[in-house]
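Chemist: Residue numbers (my numbering), protein chains in the order written: chain H, 1 to 271; chain U, 1 to 294.
Hints in this document: simulated from the structure, not taken from any laboratory. For every residue, glycine included, the Cβ atom is placed at its ideal position computed from N, Cα and C. Incorrect hints may have been included.
To be verified - Here are the simulated DSSO-like cross-link-like pairs (lysine-lysine), alpha carbons at most 27 angstroms apart as the crow flies: (1) U:LYS76 - U:LYS8; (2) U:LYS8 - H:LYS11; (3) H:LYS2 - U:LYS135; (4) H:LYS192 - U:LYS266; (5) U:LYS266 - H:LYS11; (6) U:LYS76 - H:LYS2; (7) U:LYS98 - H:LYS11; (8) U:LYS98 - U:LYS76; (9) U:LYS266 - U:LYS217; (10) U:LYS113 - H:LYS11; (11) H:LYS2 - U:LYS217; (12) U:LYS135 - U:LYS113; (13) U:LYS98 - H:LYS2; (14) U:LYS219 - U:LYS166; (15) U:LYS135 - H:LYS11.
Stated by the list, open to error - Some residues of chain U that are not near chain H, with every Cβ distance over 12 angstroms (derived): (16) GLU73; (17) LEU78; (18) GLY105; (19) LEU121; (20) LEU264; (21) PRO271; (22) SER276.
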Amino acid sequence: MKLSLFLSNLKLSRGTLIAWCGLILLYAIFAAYLYPVVSKSNMDYISYIASMPEAMRAGIGLGDIDLSSLAFTADTYVAIEFLMFWPIIVCFYAIFAGVGLSREVERGTLDLLLAQPISRTRALLSKYANLVTGLLLIFAASWLGVAIGAPLAGVSVNLGSQALALLEALLLVAAIGSYTLLACIIFLEPRKALVASGVLTAAMYILNFIVPVLRPSLKWLANLSLFHHYNAVEIVRSGALDWASVAIFATTFAVCSALSVVIFRRRDLSV
Amino acid sequence: MPVIETDKLTKYYGKVCGIESLDLAVEHGEVFGFLGPNGAGKTTTIRLLLDLIRPTSGRAHIFGLDTNRDSLEIRKRLGYVPGDVVLYDGMTGTAFLKLMGSFRGGYDAARIKALQERLDLDLSRQSRAYSKGNKQKIAIVQACAPDPELLILDEPTSGLDPLIQKRFYDLILEEKERGKTVFFSSHILPEVERVCDRVGMVREGHLVAVERVSDLKHKKVRRMEVIFSRQVAVDELALPGMEIVSLSDNHAELRISGNIAAVLQKLAGLPVEDMSFPEASLEDTFMQYYGGAK
Numbered sequence: 001m002k003l004s005l006f007l008s009n010l011k012l013s014r015g016t017l018i019a020w021c022g023l024i025l026l027y028a029i030f031a032a033y034l035y036p037v038v039s040k041s042n043m044d045y046i047s048y049i050a051s052m053p054e055a056m057r058a059g060i061g062l063g064d065i066d067l068s069s070l071a072f073t074a075d076t077y078v079a080i081e082f083l084m085f086w087p088i089i090v091c092f093y094a095i096f097a098g099v100g101l102s103r104e105v106e107r108g109t110l111d112l113l114l115a116q117p118i119s120r121t122r123a124l125l126s127k128y129a130n131l132v133t134g135l136l137l138i139f140a141a142s143w144l145g146v147a148i149g150a151p152l153a154g155v156s157v158n159l160g161s162q163a164l165a166l167l168e169a170l171l172l173v174a175a176i177g178s179y180t181l182l183a184c185i186i187f188l189e190p191r192k193a194l195v196a197s198g199v200l201t202a203a204m205y206i207l208n209f210i211v212p213v214l215r216p217s218l219k220w221l222a223n224l225s226l227f228h229h230y231n232a233v234e235i236v237r238s239g240a241l242d243w244a245s246v247a248i249f250a251t252t253f254a255v256c257s258a259l260s261v262v263i264f265r266r267r268d269l270s271v
Numbered sequence: 001m002p003v004i005e006t007d008k009l010t011k012y013y014g015k016v017c018g019i020e021s022l023d024l025a026v027e028h029g030e031v032f033g034f035l036g037p038n039g040a041g042k043t044t045t046i047r048l049l050l051d052l053i054r055p056t057s058g059r060a061h062i063f064g065l066d067t068n069r070d071s072l073e074i075r076k077r078l079g080y081v082p083g084d085v086v087l088y089d090g091m092t093g094t095a096f097l098k099l100m101g102s103f104r105g106g107y108d109a110a111r112i113k114a115l116q117e118r119l120d121l122d123l124s125r126q127s128r129a130y131s132k133g134n135k136q137k138i139a140i141v142q143a144c145a146p147d148p149e150l151l152i153l154d155e156p157t158s159g160l161d162p163l164i165q166k167r168f169y170d171l172i173l174e175e176k177e178r179g180k181t182v183f184f185s186s187h188i189l190p191e192v193e194r195v196c197d198r199v200g201m202v203r204e205g206h207l208v209a210v211e212r213v214s215d216l217k218h219k220k221v222r223r224m225e226v227i228f229s230r231q232v233a234v235d236e237l238a239l240p241g242m243e244i245v246s247l248s249d250n251h252a253e254l255r256i257s258g259n260i261a262a263v264l265q266k267l268a269g270l271p272v273e274d275m276s277f278p279e280a281s282l283e284d285t286f287m288q289y290y291g292g293a294k
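Could you build the full structure based on these sequences and the hints that come with them?
Modeler: This is the structure we're talking about:
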């Protein structure tokens with residue numbers, strides 16, 4: 001990685017990052033702040049979730065959870081209302097940040113950059129570092145939002161298990177970002193990379209909840225979806241990471257990154 | 001040992017020929033013009049030299065090093081100005097030069113200031129506020145600032161006003177005086193004549209000829225427009241080396257190759273009212289001396 005390139009890219013994307021961090025912070029505060037309102041209402045929140053159509057529950061990652069044993073706490077509420085939606089929202093950041101490289105190829109800035117004495121590998125790793133740093137800042141803003149929102153609402157949450165769930169969500173989104181970058185390197189055209197990555201992400205999301213509902217015999221297909229392996233409610237309830245899921249996300253990230261480097265080093269840089 | 005040497009360098013984009021069997025040698029300390037119309041293969045050649053694209057076949061060496069295998073080492077020793085300069089949005093000229101300098105171990109403020117003043121460039125503005133010419137100036141500064149042994153310039157004067165163009169030509173000639181090698185791609189014949197020692201002419205992906213500029217000047221094709229005070233017959237204009245492109249009423253358009261003295265002598269005997277020399281196109285030169293050959 002080249003530090004100056006990393007810092008320069010970080011500076012150029014600061015506006016976008018500030019906006020993302022600000023909005024996700026507000027969302028986290030709002031989610032935590034709303035818990036007392038819901039808990040004081042007459043609504044049985046868990047029963048309400050259980051009454052949802054199966055596809056809808058699966059869509060927010062609650063398809064495989066035994067709701068009868070789920071206690072309604074501030075932690076559970078934040079996990080359902082914030083942490084389960086977090087990767088669905090933040091994957092947009094990862095996809096749009098990921099296609100930045102092909103935008104550079106299309107605009108021509110990459111030509112001048114790679115005419116300098118910097119290896120393609122270092123240039124690409126700087127891009128990866130920017131993507132991961134952006135996600136880490138959004139992760140930090142999210143955790144901070146929960147940490148601010150809970151005391152504001154007068155409730156206590158287990159910030160450690162919230163952080164663990166966020167960490168697993170971060171790994172899921174980093175995996176999405178890594179295949180977006182791979183798509184960039186394969187196509188070198190932002191539109192094609194965006195479509196490829198967007199379609200794959202949408203397909204995985206749909207695969208996770210529609211296919212098992214429509215064809216229970218094909219439920220195993222959901223395992224192919226990265227979203228299937230993320231369950232914030234379970235992490236918050238158990239206070240531990242799901243290491244199998246961590247391994248799947250980390251492997252996806254590592255394989256896509258390694259493939260990106262190999263292809264990027266070999267291919268022509270022209271659209 | 002030549003600074004740049006290519007051996008049957010070929011690049012195809014699918015079935016489309018970018019450049020084919022290019023054999024070229026650019027010697028140390030010379031300014032080599034790479035002349036050809038748009039789409040001839042000039043930029044493809046430069047991108048191959050910079051290892052931005054890989055050859056379909058053949059090889060290229062710079063400083064005796066392989067442009068693919070030793071690309072990083074080569075790029076430490078060269079500066080590059082692209083034809084169409086694009087800067088990062090949201091970055092000032094200074095920030096851009098600092099970033100580019102960081103890859104070469106630093107930002108030589110004194111040298112950049114000297115180049116900036118010479119090219120009349122304001123580095124404090126945001127990239128979006130720069131005109132095409134100013135972006136070109138920034139690219140020239142970034143290429144020259146590290147004082148590289150070799151400059152690779154891809155149509156570097158596009159967008160520069162005539163005054164800055166002249167300063168740029170002077171800069172190139174000074175670099176040559178200092179023993180630097182310059183590879184100068186252009187489609188403008190007069191600018192190549194002005195600064196280059198030798199010229200390689202490329203057309204439709206093929207190197208048509210390599211000439212010394214002094215030789216090229218003798219072979220130069222000139223266009224001439226003459227207005228006579230009366231109608232002139234074709235026979236009256238017959239002269240070896242002078243081709244009548246068009247002749248209507250009292251207006252003649254001529255293409256002249258070689259020595260112009262005989263032409264002027266011929267015209268002196270005719271009732272010339274006015275005459276002018278429009279710039280000869282590259283195509284004229286190619287057609288005249290290389291018969292439009294590929």
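Chemist: Each hint should be assessed against the structure and marked as holding or not.
Modeler: Hints, one by one, checked against the model:
no.: 1; hint: U:LYS76 - U:LYS8; verdict: 25 angstroms, holds
no.: 2; hint: U:LYS8 - H:LYS11; verdict: 44 angstroms, violated
no.: 3; hint: H:LYS2 - U:LYS135; verdict: 24 angstroms, holds
no.: 4; hint: H:LYS192 - U:LYS266; verdict: 64 angstroms, violated
no.: 5; hint: U:LYS266 - H:LYS11; verdict: 69 angstroms, violated
no.: 6; hint: U:LYS76 - H:LYS2; verdict: 15 angstroms, holds
no.: 7; hint: U:LYS98 - H:LYS11; verdict: 14 angstroms, holds
no.: 8; hint: U:LYS98 - U:LYS76; verdict: 16 angstroms, holds
no.: 9; hint: U:LYS266 - U:LYS217; verdict: 21 angstroms, holds
no.: 10; hint: U:LYS113 - H:LYS11; verdict: 25 angstroms, holds
no.: 11; hint: H:LYS2 - U:LYS217; verdict: 48 angstroms, violated
no.: 12; hint: U:LYS135 - U:LYS113; verdict: 16 angstroms, holds
no.: 13; hint: U:LYS98 - H:LYS2; verdict: 14 angstroms, holds
no.: 14; hint: U:LYS219 - U:LYS166; verdict: 25 angstroms, holds
no.: 15; hint: U:LYS135 - H:LYS11; verdict: 21 angstroms, holds
no.: 16; hint: GLU73; verdict: 8 angstroms, violated
no.: 17; hint: LEU78; verdict: 8 angstroms, violated
no.: 18; hint: GLY105; verdict: 9 angstroms, violated
no.: 19; hint: LEU121; verdict: 17 angstroms, holds
no.: 20; hint: LEU264; verdict: 48 angstroms, holds
no.: 21; hint: PRO271; verdict: 55 angstroms, holds
no.: 22; hint: SER276; verdict: 39 angstroms, holds
In summary, the numbered hints that this structure violates are 2, 4, 5, 11, 16, 17, 18.
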